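Make a model of the complete structure from these sequences and hints.
Next come the chains, spelled out residue by residue.
2 protein chains.
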Amino acid sequence: MLPADAKVVSVDDHIIEHANVWQDRLATKWRERGPLVRHEDGIPVWHYDGKRYPPLGLDAVAGDDPTEFKLDSKKFEAMRPGCYDPKHRLEDMDTDGIWASLAFPQFPRFAGQTFLEGADHELGLACVQAWNDFVLDEWCATDPARLIPLSIVPMWSPALCASEIERTAERGARAITFSENPAALGLPSFWSEEWDPMLSALEETDTALCLHIGSSSRPIIPHADSPTPLIISLMSLLTMATLSDLVMSPVFIEHPRLKVILAEGGIGWVPYMLERLEQVWEKHRHYAKVNVAKTPAECFRDNVWVCFIRDEAGLAARHEIGVDKILFEADYPHSDTMWPNSRAGLERALQDVPDDEARLIAGDNARRLLRIP
Amino acid sequence: MLPADAKVVSVDDHIIEHANVWQDRLATKWRERGPLVRHEDGIPVWHYDGKRYPPLGLDAVAGDDPTEFKLDSKKFEAMRPGCYDPKHRLEDMDTDGIWASLAFPQFPRFAGQTFLEGADHELGLACVQAWNDFVLDEWCATDPARLIPLSIVPMWSPALCASEIERTAERGARAITFSENPAALGLPSFWSEEWDPMLSALEETDTALCLHIGSSSRPIIPHADSPTPLIISLMSLLTMATLSDLVMSPVFIEHPRLKVILAEGGIGWVPYMLERLEQVWEKHRHYAKVNVAKTPAECFRDNVWVCFIRDEAGLAARHEIGVDKILFEADYPHSDTMWPNSRAGLERALQDVPDDEARLIAGDNARRLLRIP
Numbered sequence: 072m073l074p075a076d077a078k079v080v081s082v083d084d085h086i087i088e089h090a091n092v093w094q095d096r097l098a099t100k101w102r103e104r105g106p107l108v109r110h111e112d113g114i115p116v117w118h119y120d121g122k123r124y125p126p127l128g129l130d131a132v133a134g135d136d137p138t139e140f141k142l143d144s145k146k147f148e149a150m151r152p153g154c155y156d157p158k159h160r161l162e163d164m165d166t167d168g169i170w171a172s173l174a175f176p177q178f179p180r181f182a183g184q185t186f187l188e189g190a191d192h193e194l195g196l197a198c199v200q201a202w203n204d205f206v207l208d209e210w211c212a213t214d215p216a217r218l219i220p221l222s223i224v225p226m227w228s229p230a231l232c233a234s235e236i237e238r239t240a241e242r243g244a245r246a247i248t249f250s251e252n253p254a255a256l257g258l259p260s261f262w263s264e265e266w267d268p269m270l271s272a273l274e275e276t277d278t279a280l281c282l283h284i285g286s287s288s289r290p291i292i293p294h295a296d297s298p299t300p301l302i303i304s305l306m307s308l309l310t311m312a313t314l315s316d317l318v319m320s321p322v323f324i325e326h327p328r329l330k331v332i333l334a335e336g337g338i339g340w341v342p343y344m345l346e347r348l349e350q351v352w353e354k355h356r357h358y359a360k361v362n363v364a365k366t367p368a369e370c371f372r373d374n375v376w377v378c379f380i381r382d383e384a385g386l387a388a389r390h391e392i393g394v395d396k397i398l399f400e401a402d403y404p405h406s407d408t409m410w411p412n413s414r415a416g417l418e419r420a421l422q423d424v425p426d427d428e429a430r431l432i433a434g435d436n437a438r439r440l441l442r443i444p
Numbered sequence: 072m073l074p075a076d077a078k079v080v081s082v083d084d085h086i087i088e089h090a091n092v093w094q095d096r097l098a099t100k101w102r103e104r105g106p107l108v109r110h111e112d113g114i115p116v117w118h119y120d121g122k123r124y125p126p127l128g129l130d131a132v133a134g135d136d137p138t139e140f141k142l143d144s145k146k147f148e149a150m151r152p153g154c155y156d157p158k159h160r161l162e163d164m165d166t167d168g169i170w171a172s173l174a175f176p177q178f179p180r181f182a183g184q185t186f187l188e189g190a191d192h193e194l195g196l197a198c199v200q201a202w203n204d205f206v207l208d209e210w211c212a213t214d215p216a217r218l219i220p221l222s223i224v225p226m227w228s229p230a231l232c233a234s235e236i237e238r239t240a241e242r243g244a245r246a247i248t249f250s251e252n253p254a255a256l257g258l259p260s261f262w263s264e265e266w267d268p269m270l271s272a273l274e275e276t277d278t279a280l281c282l283h284i285g286s287s288s289r290p291i292i293p294h295a296d297s298p299t300p301l302i303i304s305l306m307s308l309l310t311m312a313t314l315s316d317l318v319m320s321p322v323f324i325e326h327p328r329l330k331v332i333l334a335e336g337g338i339g340w341v342p343y344m345l346e347r348l349e350q351v352w353e354k355h356r357h358y359a360k361v362n363v364a365k366t367p368a369e370c371f372r373d374n375v376w377v378c379f380i381r382d383e384a385g386l387a388a389r390h391e392i393g394v395d396k397i398l399f400e401a402d403y404p405h406s407d408t409m410w411p412n413s414r415a416g417l418e419r420a421l422q423d424v425p426d427d428e429a430r431l432i433a434g435d436n437a438r439r440l441l442r443i444p
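Quick note, the sequences are listed as chains G and H, same order. Under my numbering, think of the first position of the first sequence as 72, with each following residue one higher. Under my numbering, think of the first position of the second sequence as 72, with each following residue one higher.
Check before you lean on any hint, since a few could be wrong.
Each pair may be met inside one copy or between any two copies, as identical chains are not told apart.
What the hints assert, rightly or not - Derived BS3-like pairs: lysine-lysine, alpha-carbon spacing no greater than 30 Å straight-line:
| # | residue 1 | residue 2 |
| --- | --- | --- |
| 1 | K330 | K354 |
| 2 | K122 | K141 |
| 3 | K354 | K158 |
| 4 | K146 | K78 |
| 5 | K146 | K360 |
| 6 | K78 | K354 |
| 7 | K122 | K146 |
| 8 | K330 | K360 |
| 9 | K78 | K365 |
| 10 | K330 | K365 |
No wet-lab data here; the hints were simulated from the structure. Treat the numbers as computed from the prediction; the structure is a model and nothing was measured.
Structure, rendered in structure tokens:
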């Protein structure tokens, strides 16, 4: 059972950026071309690099009745202010029973893909740095003990990624968000040595590498008739593919201190997937180019953490996964959030789990991993 | 523990067709254009419709040492005769401790895609029927109690599929093999009413619908650097997608007596996936076009069976999956087979499982489902 004094940490929430994040920060020469919001029939639509980015209604539904869920975009006024205002976010975290939160970007997308896709990468770097400064100076500065900084990186250049990791780590960032499958974005795969400068910078600064579902921009869509709930249900398959990809690759052999957090992919499938990876590695590594220095399960044990919102199957299998490898997510304000009942839901899920294990899963694993005081 | 008198049924083995399967059976007018083997440096290469189909070495490795596994094609003489000769197959089943076997096609591919891709579908139908007649009259006729007939269907026409299901069911077939994702082959998805004649024929003849990994011809390949063991490890994700697709769709509402066997997709992920499907269905069905008459888990319970070769995670979670929903596979002669230790491996896996449950999983579920005496 989760003790009453245990602090719950969510390693996966989402900031809906307010309209002036970039306009407030970009140098004059960039400002006009930087991201800005135009209200279209009251809907805040982002514009950048000649493209329109209408927001998805499902991305700001904390507290909404699911029978009212819509795919359509939503006005700022229809969202809870906790979506875009850090003071209100802290109040909503109090209501939800969440002590600390690591939050991902929204308009830049989960890995900052928006600035990778933009044609001008000099402008892109300025936009990446502006978001990181917004997170450090405005969002997290509101309560540095509870709002934990996560950075985005200029994905088109591993050397620039390394510099930005060093710059933001020095200012307090504990994690970056990156793509679960960079090759899907036209970048080298994790098998390429090109990422070495970035991965080494993560090791040297003790910064976690968060890989969030959807950060490949390539959801699994079985066919043209696939409805949204089917596509949502299959998002965690991308996490399974990412885990498999990484533990077969040389990444953890070359970067033994790397800490990977697989965000929003669930945990209940982990024992199956590790067992399957061990079987295939055992029989098939002899003719193929895969990591042979450690087994897939050993790589997982040493370098990977997995995350859940609601996952009875995973909590039942927590000893097979590793009680120290599991992190909790509130996913505020996206459609999977249990807000305002995240802590209550977590307590219910942990009611048959011994106190010391419940403490680890609810917060202490995340606090150790992300150096949260 | 599995009682010594329990008969083990494998619902997933593979026939390596001998060179004369089609030449022996096709009408004279088709024979010259039907599938035939040309030996190239001793390797039996199939030729059909102007295309070469070299066999994959990993598809006939029963008994081989995994350190000797190769992707290269293999000569008939280098294979165990049990690969292509039903008398030897029965001997290899005896050695392996397997009582009965349901076997899939090899050259036609897991769903008979080869004949779908061929330009001439009149010839294709003749080839489909020739394979089915080979299975009924030659392969399974060798021991009808132990070799259970499975048919392929002319996938390009639901009406012809229905006729072939009726024709072969009357002659003893208990299952067909079909695509886990027909849309990936350019056919309508399972959401289309076009499949109704085929699905109704399956219901009316009490014939099971086997959907084998790989039968979409669309493996998950995360990027160009993906080695074969990574691609193999991700095959079961296709089964997860198929299960999710079917239980969200109207298929089981419209065809409540349909029996689907998800072949070679494993079982350890099932509790996680069902829980996730329930969560998404609960929150997201209101704005989307999905089946609302039954929950995804109810559809699974009533209409779907899952299969394993080695799967400790799945056997540990057997009560969450349903002890009556689990079937065993020997996968002879593919690379996952435990031959000659299938029964020994299964006994080890079931050593802590109560006898009555072990009997169901090892064979009785399959015997009931496929009407094996």
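Hints versus structure:
1. K330 - K354: Answer is within: at 28 Å inside a copy they meet the 30 Å cutoff, but 33 Å across does not.
2. K122 - K141: Result: close within a single copy only, 23 Å intra versus 49 Å inter.
3. K354 - K158: between (54 Å within a copy, 28 Å between copies)
4. K146 - K78: Neither: 33 Å inside a chain and 64 Å across chains, both beyond 30 Å.
5. K146 - K360: between (51 Å within a copy, 25 Å between copies)
6. K78 - K354: between (44 Å within a copy, 28 Å between copies)
7. K122 - K146: Close inside one copy (19 Å), not across copies (57 Å); limit 30 Å.
8. K330 - K360: For K330 and K360, only the intra-copy Cα distance (23 Å) is at most 30 Å; the inter-copy one is 40 Å.
9. K78 - K365: neither (35 Å within a copy, 39 Å between copies)
10. K330 - K365: Result: close within a single copy only, 16 Å intra versus 41 Å inter.
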